[in-house]
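Colleague: Chains as they are written, first to last, in this note's numbering: chain A, 1 to 401; chain B, 1001 to 1401; chain C, 2001 to 2353; chain D, 3001 to 3353.
Calculated directly from the structure, the hints in this document are not laboratory data.
Misleading hints may appear alongside valid ones.
What the hints assert, rightly or not - As a list, the in silico DMTMM-like pairs of lysine to aspartate or glutamate whose alpha-carbon atoms are at most 20 Å apart:
1. B:K1395 x D:E3245
2. D:K3072 x D:E3093
3. D:K3352 x B:E1253
4. A:K272 x C:E2320
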Amino acid sequence: MTERKTPMLDELEKGPWPSFVTDLKRAAEKNDSVKDLIAQLEQSYEEKKGHWKHGGIVGVRGYGAGVIGRYSDEPEKYPNIAEFHTLRINSPAGWFYDTKTLRNVCDMWEEHGSGLLNLHGTTGDIILLGTKTNELQPTFDAFSDAGFDLGGSGSGLRSPSACCGPARCEWACYDTLDVCDNLTHEYQDEMHRPMWPYKFKFKFSGCPNDCVASIARSDLSVIGTWRDTLRINQEEIKNYANSGMDIQGRVCEKCPTKALTFNSETKELFVKAEDCTRCMHCINVLPKAVRPGKEKGATLMIGGKSTILRSAFLSWVIVPFMPLEAPYTELKDLIARIWEWWDEHGKTRERIGELIYRLGMGNFLRAVDLPPVPQMVKEPRANPYIFWQADEVIKADEATK
Amino acid sequence: MTERKTPMLDELEKGPWPSFVTDLKRAAEKNDSVKDLIAQLEQSYEEKKGHWKHGGIVGVRGYGAGVIGRYSDEPEKYPNIAEFHTLRINSPAGWFYDTKTLRNVCDMWEEHGSGLLNLHGTTGDIILLGTKTNELQPTFDAFSDAGFDLGGSGSGLRSPSACCGPARCEWACYDTLDVCDNLTHEYQDEMHRPMWPYKFKFKFSGCPNDCVASIARSDLSVIGTWRDTLRINQEEIKNYANSGMDIQGRVCEKCPTKALTFNSETKELFVKAEDCTRCMHCINVLPKAVRPGKEKGATLMIGGKSTILRSAFLSWVIVPFMPLEAPYTELKDLIARIWEWWDEHGKTRERIGELIYRLGMGNFLRAVDLPPVPQMVKEPRANPYIFWQADEVIKADEATK
Amino acid sequence: MSRTDLGPPDYKEMLPPVIKENYGQWLYHEYLKPGVMKHVSEKGDALYTIRIGSPRLVGLDTVRELCDLADKYCDGYLRFTSRHNVELLVSNEANVDPLLAELKQKGMPVGGTGNSISNIVHTQGWIHCHTPATDASGIVKAVMDDLYDYFTHDDLLPARLRVAMACCLNMCGAVHCSDIAILGIHRTPPRIDHTKVSKVCEIPTVIASCPTAAIKPDPKNKSVKVTEEKCMYCGNCYTMCPAMEIMDPLNDGIAILVGGKVSNSRTAPGFSRLAIPFLPNNAPRWPEVTEAVRNIVETWAKDAKKGERMGEWISRIGWERFFDRTGIPFTDKHIDDYIFSIPTFRTTTNFKW
Amino acid sequence: MSRTDLGPPDYKEMLPPVIKENYGQWLYHEYLKPGVMKHVSEKGDALYTIRIGSPRLVGLDTVRELCDLADKYCDGYLRFTSRHNVELLVSNEANVDPLLAELKQKGMPVGGTGNSISNIVHTQGWIHCHTPATDASGIVKAVMDDLYDYFTHDDLLPARLRVAMACCLNMCGAVHCSDIAILGIHRTPPRIDHTKVSKVCEIPTVIASCPTAAIKPDPKNKSVKVTEEKCMYCGNCYTMCPAMEIMDPLNDGIAILVGGKVSNSRTAPGFSRLAIPFLPNNAPRWPEVTEAVRNIVETWAKDAKKGERMGEWISRIGWERFFDRTGIPFTDKHIDDYIFSIPTFRTTTNFKW
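The shape of chain A in the complex, shown without the other chains (with noise of 0.2 Å):
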């Protein structure tokens, strides 16, 4: 093959950023489908037009997901991405490796494909990214002797992910890296064999700040709280005032709910725990002096997608609060119930969001069995367009008897 020129790439090798170009090079050296892969790529900037055909079904053994087709649609001419698939591998909670594992990675893709990959793919899932077709077993063979397994695509579970929680961050309140994998490896034949409306998606953030936007990007929500009070440490609030922090100002004129009071004569902060929202801003600007209270779990909020189709939701409030303690079970049976009523109820393509705004809150939380509070709501509804249910009604022939 003769070297092809890149003049169009090339211009994204320039600059300070790491330059994915470059790395494609690099790659390419080793690996011929790279070389027909920045060939096509090149060819894609100058179309202003992407050239991978719509997929086909590929897979491995025993999996209806994992495995995503992808096939050049200029084979003839980029014979060696005619096929150049992409597996999805499921990543350890929190995305922590250790070098053995991660070189492991390395040796596996570059025996059995590109050596071009995701780290991460915004699921959250290792994206090996380009093999052939006859490949794919191999690759999943190699990794499932080297411990580990595919991820989810289609509509089915998609691999769940969580923030760096207890491992790294004072602010976690649950351990969301527990949660994560027990509930990847509960729900394996949720991922691996999707037989759902659509896609369901778990994200795990320990805290409000919300780090792997869980209420933006998953299905069920579940996200770090606290049912009693902040714990401030007044020693602490005296050295951020002493060092010229502006308390009043920065912190509590911040307040959405105005819960805070600095005395700023003896330079001691105090919430009104009714008032207070758990928002995090005064953690997260006095980290060293205020924390989340002690009771902690989580709130679990239901819905969130992106915009196709009927518009992005984030996800909203289905309950306050729930401590979560291995094994998690009052977690898994509402997560059966949620699962066993959009399975019967949703249509092809329709997230649980849109299965819930077409029938409604009512009832859903009939059919999964939680009671309705005002947390689940900015707002009472403004119409008085309400479905009365039968046992709510006196029925004329009843009324006569």
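Since the structure of chain A is already known, use the hints to place chains B, C and D on it.
Modeller: Structure of chains B, C and D alone, referenced to chain A:
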């Protein structure tokens, strides 16, 4: 007829608030239809059920509106209200009356009807409550001779109404009474011969306090505003301050955009004009000291309506500022374009706001030739589902020319 | 033959002289006492307004009595407000106190200005409407009797209080943007008279009238059928078709919505939102309704900051606190499930326990 | 035969000893300098984290280089973040400066903490997606080159800045809740290959896939037809049916949305909202996009108060001022016309000129 007992209604003669039952009983002394009305109402109170049949079509010559047919569903029991129709009489703008006129109304209604009326109906008409079919034309003739006319009903323009405006309010930013009167006369045909998809309401408020609920209750809301700066009388500010008014707390801190500054030394109040959103709060609290600016006009808003069918809408901005001087040509031209589009595209019982909801503001603005401005929205769209117009994209066949 | 399309009488001819002379030249106003306003013009002229509550539904005796008062004290001028109040327009200051004295003697309530409840805007109810779920005038009378002191005083409430009442889900009147809305509601699907449908109704129109697509053709009966679990009892079909009776004495009742307003002052106008989904139709004095309204008003009066309207108070303390403090139970009924439900859901962990 | 349903590797086995020993016992953290965090446990142990930007799409050489660094300075431990950053986990304080020196020498950017731009979350684009309207990695590279100083410094911006990029209207990734979202968009209806539709697509599914009901059956062609004025180019039909090509090099391009966030800090999470409806697809460096992003960032940086994220700033000044100050034209495109449009309309007279 034997005297009928009304123990339930009698209960409503108790208590300090003026009793409609007392008024009914006094009217019944002179009018047999009111006797039947009281008896039927007592029955409704006993049975918890209305006893009016669905209206039939009744009216006066040359009109398709202004009369609401009403028939008792027990005409044999209540023969004097077998027919008990309503006439809507268009009230003078601002509901100002001299007693000569009002006494004349009384005399005419005593002759032709039940003697019961609403002052006024929620839309603003004088509601003449109850007469027989054969009295409709004579009633109308009498009122017409006295200088009155019918109001609107059905799928046409409803009687416009206005706040008291410059007649008694220092905050009126345009002549609400004159615009209301002028447009009502201009659109007599649209009021009296309904021919639209559904009703259409105008309400004219002189300032953003919106005393006639224009934003909530009219399809086209015309709300006074000003284009320049608040006028502040510093002497009166001093008087307020000296009399103990907490200007900082009650005015500045409640200013929604923090556009006001009070100098507690000099007792002067300053406004940052570019931040003021003209919400009226400071004017409401300090009426002697703060006034609207001098460059006055109105904000036009569209779509306000109650809940039926597709939820209640509050009107939204379509023209941030329009000066309003007789003969109101710019306003009338715009109204003509709005009605034309609605008439062409609206479905049966689809209010203008619902039509815009269905077809989109872009289509509406193009049709009525209004420029899009950010004042029209609280926030821009969150979805990327933009409808591109044919002249905004390149057609494949053009590109290859 | 009478003239048509004459339009309304000329408002200019019915303005009192002090208004004609100062039209557009008013400078400021002040509240002298509850129900008494003084407007002062740039020329220094003054107009005194005495605001009186009225039942809206009046007989000729009452109107003539008002005319007598206007003739005696107001040179024959008066006006009405959009909230069914009567305003006596006094240009001679010396007439104010005698007028107030006569009103007091007659038992006519003066008030409704400033931080008070104004008159209740309302609809017809059983007296003259064909789809009511309850009466309007009766409930208004009962509630205004109960809240009478809040009309005649302007120092008992944190801010103004606007109450409205509509007798069915159509929500006629401004009830959807009131501090407190009292609303008649139906709760059961229409009962179809199949023998009448094809005679008195246009079936495609009836089907199209349903906002939730609950009505389907029933060709066997030459009628329509209703998917009951989709029906939310709006009665739009009944308006189109009298053969679909929506009134149901066993189940019709009252809902209470709170926290709306139309003024742009400080905060944007907003809708009233459901507080109590159902109260029974206990004519003639609806004690459950008057008690519920009083509870909400007094909880607000006790808890709100000066100047805070109902909705501003709720917005500051949060709906979770509103339900706590009023003791009103929160139910699935409160959670919106109509077209714009999603934007009402709590999409944040920021809430109160 | 290999084992199935093994699940992911045990995270516990890959935690560095300092984390194992202090798991759940961290007390506080601080930023030592841009990209360098120190976490201190209740026991007094400390962990130093060095955050490095990465292009996300990497080859094995880069991963092995990271492993080399982790072996040399971090006892062989590292992690990745949800925003494609690499974090080197240093338990020996003495290793921090030498590591930083080596990273500098290698040209690896250290930063992304505190008031800085973090790495751009992004999708595949032309490199591996079948429906992209643009490339993702290329635009991210161009933008991050342009905003490089905002990554490596934490004192140039009022607050943190989260940028995300998705290559089509599906908005994969968290772009819908970002301070700035860069979004590939299609702008023309699908081009239907009628000869293929019946062979490769299930027609009822295709029809059902359209959220605006723009697709109807075309029995004559055994295919479907698209009501073009109803189509908003989401490409959902193409996902269901490869015979409905949605990519259009003549018209595909970029939209910019701003002001979203996911954190609950201070204010509730919210969506990014349309700022610029269309910018051309000028590969390889998309100068219009980098300039537009820089303009928004710098207008915000200049105008916002300390601690104000993009959306908080816009919320304070109002969208009318946002368009003024950035000089971005407001168009009909900005006004929502999808399902939840009504709640985005300005239903108050409270706005700025």
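Colleague: Hints first: check each against the structure and report whether it holds.
Modeller: Results for each hint:
no.: 1; hint: B:K1395 x D:E3245; in the structure: holds (15 Å)
no.: 2; hint: D:K3072 x D:E3093; in the structure: holds (13 Å)
no.: 3; hint: D:K3352 x B:E1253; in the structure: holds (19 Å)
no.: 4; hint: A:K272 x C:E2320; in the structure: holds (16 Å)
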